[in-house]
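*Asks:* First to last, the sequence lines map onto chains L and A.
As numbered in numbering that gives the first Met the number 0, the first sequence has no gaps in its residue numbers, which increase by one up to the final residue, 396.
As numbered in numbering that gives the first Met the number 0, the second sequence has no gaps in its residue numbers, which increase by one up to the final residue, 210.
Everything labelled a hint here was simulated from the structure, so no lab data went into it.
Any given hint could be a false lead.
List of simulated lysine-lysine pairs, BS3-like, C-alpha gap at most 30 Å [as the list claims (entries may be wrong)]:
1. A:K87 x L:K321
2. A:K87 x L:K237
3. A:K108 x L:K321
4. L:K321 x A:K175
5. A:K175 x L:K68
6. L:K71 x A:K175
7. L:K71 x A:K108
Quick list of the computed label-pair ranges, beta carbon to beta carbon [stated by the list, open to error]:
8. A:D34 x L:L221: 46 to 56 Å
9. A:G188 x L:R377: 20 to 30 Å
10. A:E209 x L:T62: 35 to 45 Å
11. L:R338 x A:K108: 39 to 49 Å
12. A:R109 x L:S335: 32 to 42 Å
13. A:K108 x L:A228: 35 to 45 Å
14. A:D70 x L:T324: 11 to 21 Å
15. L:R338 x A:P160: 30 to 40 Å
16. A:R37 x L:Q375: 49 to 59 Å
17. L:Q375 x A:D66: 52 to 62 Å
18. A:R202 x L:Q375: 45 to 55 Å
19. L:D227 x A:Q48: 50 to 60 Å
20. L:R4 x A:R37: 46 to 56 Å
21. A:A141 x L:K71: 36 to 46 Å
No residue lacks a Cβ here, since even glycine has one placed at the ideal position from N, Cα and C.
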Amino acid sequence: MLQERDQELLSAYVDGELRPRRRREVRRLLDECPEAREVLRQMQENASRLRALGHHGLTAGFTADVMRKIEKMPPPGKRPAATLSPWISWGTAAAVLLAVGLGSFFYFLGTREQPASSPPQMVQVPNVSSTAHVPPDGPGDAAANLNRETKSPPAPIPDAQGAAEVVRQGPPVGPDPDPPIPPNDTTKVLTSPVKELIILPKEDQVGVSIFRLLDMDSAKVLAELQKDATVHLELPCKNGARATQRLLSVFKDAKINTVVEQVAQRRIGDPRLSTDFVVFLDDVTPKELLGALERLRTSDQKARESQFDSMIVTTINDTDRKNFTRLLGDFAHLLSWERPMAKDESKPKPPEEQALVLPMSHAPQLRSAEVKNFLQGRKPARPESLQVLLVIRGTSG
Amino acid sequence: MDTIVTSNLPGTFVVANSSYNQGTVIADDLRLIRDCLRGNTAAFGELMQRYQDRLYNTVYRLIDNPDDAQDVVQEAFLSAYQSLGSFKGDSLFFTWLYRIAINTAISLKRKQRPVISIDAGRNGHGVPEPLDATPSTRPGFALERAEEDRLVQDALHRLSPEHRMVLILKDMDGMKYEEMAEILRVPIGTIRSRLHRARAELRGILERREA
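I would like the entire structure built from these sequences, with the hints used as guidance.
*Replies:* If you want it as structure tokens, here you go:
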């Protein structure tokens, strides 16, 4: 009886998806095993039968019908009157990325079950170091709320760090600025599916803190970083590749040794590509992380082109873990989220490599030996050290 | 004080270097998308013409109902049009479009009760145009062809949705594993094992029916 593994190889052989070494292995199997030849013949025959299924056509007039509907729709990506300032107006628009508790940083990997036709909701959350108290109805009401228009249009929220702006879908409110939103308003603002729009379920609103990198209060940031053993840090930026280059340079200065996965390396080297990155930091202390963020701030301030603005701090949750593990592809089994702690009296040193950089990818194909070595080489962590998922998310091309 | 967290993509995107298509996204698709984002809806019409038949055929095989399949494809194009501003260009347009269509088809199937259609072939549904337009002179050829199609389509429909999907994308649409992984959002290893199991399952079904 042909083994499962051999049958799987035969299937991939039919598809022409085997590497040369495996193809040779299959040919040897076919030479030696009549059963394998018969199974291959059946697979190829059935594949032909599927291909031979006739093609079905759309009814005449399909394209015209759809185009008629499209002509009545607003143009895609069109911003209504109350829209964000361009990127360069960081100083006047508090366009920050909200980190959600549930799977936010994989939002763009499409982990939502909603199809693209269902625009996500936007919710209001408290600013800076206050906890969020606004209870939205939750993502479960997304479908019910999809086509609801807000009766009293929300306003930009004045805050100490700049004016917030609102993006909305539907009839434009006109050239005037948005009227002010009453405090504690739970109005949902429906938008077209913009990149950074994230649903924040009620139960995940607590514990999200937003800071401006460029003028952050180090003491407050340190206090946030010390709250938990895990940190999920979102860094929206202008260009993912350039921002990650800057971060890597800062890590080098801060002596945080970093492993950069092969595809990530290629993409970091090409800012034309629209790539987001995730950095997994293991066994880094809150002070070490703060030190890196302070260096990043300085570096960004001195640079000709600033990349960063705000950062969002929360904790890693189960969905984050699940999705990051998926990014590891075939190496997923090497990552253990449960880490043993080193004994304090042994005065453990920081590990040789503390950071791993991966590109966000729909179809991760990790092959780097360095990644494998990084994951396999984890030692007991220092007391009070952190596990960090740091997400660099570009918001322009 | 409340904060609304937003940002927005600018109206530009870059050609991405996709590993599985060895370098470049189809530049012409991007040109049409760019034109559409600038207000030229006819550009979207051109994109539709490019992919609608292929998409329809895939969706039809998935849900085995021509009217529903047409609705799904229409919905997919409308959704794609609305979401066009969020297309980053780091995957092929049709991959992105397929993902929308498959999600729409899955949503549709979840809402519907299962309907068993015994005579779908004889009612005119499910009888496709022959791939080879040259008519055969052998009597009964068309009927035999229709019966074979119905046999294979029925067998396809007895597979689990996961298995059916991978066989359609691979054997009927000719996609590479990487493209399928991108559309279905699973690792390539999962595609490989699903295809193997799907083929084993299909083989068993066809053997039993033909016995």
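*Asks:* All hints, please: hold or fail.
*Replies:* Each hint tested on the structure:
1. A:K87 x L:K321: 24 Å, holds
2. A:K87 x L:K237: Answer holds: K87 (chain A) to K237 (chain L) is near 14 Å, not above 30 Å.
3. A:K108 x L:K321: 27 Å, holds
4. L:K321 x A:K175: 26 Å, holds
5. A:K175 x L:K68: 33 Å, violated
6. L:K71 x A:K175: Given that 30 Å is the threshold and the Cα spacing comes to 37 Å, the pair is violated.
7. L:K71 x A:K108: With Cα atoms ~28 Å apart, K71 (chain L) and K108 (chain A) stay inside 30 Å; holds.
8. A:D34 x L:L221: 46 to 56 Å: About 50 Å separates the Cβ atoms of D34 (chain A) and L221 (chain L), which means 46 to 56 Å holds.
9. A:G188 x L:R377: 20 to 30 Å: Since the Cβ atoms of G188 (chain A) and R377 (chain L) sit about 23 Å apart, the hinted range of 20 to 30 Å holds.
10. A:E209 x L:T62: 35 to 45 Å: With a Cβ separation near 40 Å, E209 (chain A) and T62 (chain L) satisfy 35 to 45 Å, so the hint holds.
11. L:R338 x A:K108: 39 to 49 Å: At roughly 42 Å between Cβ atoms, K108 (chain A) and R338 (chain L) fall inside 39 to 49 Å, so the hint holds.
12. A:R109 x L:S335: 32 to 42 Å: 36 Å, holds
13. A:K108 x L:A228: 35 to 45 Å: 43 Å, holds
14. A:D70 x L:T324: 11 to 21 Å: Once the Cβ atoms are compared, 37 Å apart, the range 11 to 21 Å for T324 (chain L) and D70 (chain A) is violated.
15. L:R338 x A:P160: 30 to 40 Å: 38 Å, holds
16. A:R37 x L:Q375: 49 to 59 Å: Holds, since R37 (chain A) and Q375 (chain L) (Cβ atoms, about 50 Å apart) stay within the stated range.
17. L:Q375 x A:D66: 52 to 62 Å: For Q375 (chain L) and D66 (chain A) the Cβ distance comes to about 54 Å; the hint holds.
18. A:R202 x L:Q375: 45 to 55 Å: Distance hint for R202 (chain A), Q375 (chain L) is violated at roughly 39 Å.
19. L:D227 x A:Q48: 50 to 60 Å: 53 Å, holds
20. L:R4 x A:R37: 46 to 56 Å: 52 Å, holds
21. A:A141 x L:K71: 36 to 46 Å: 42 Å, holds
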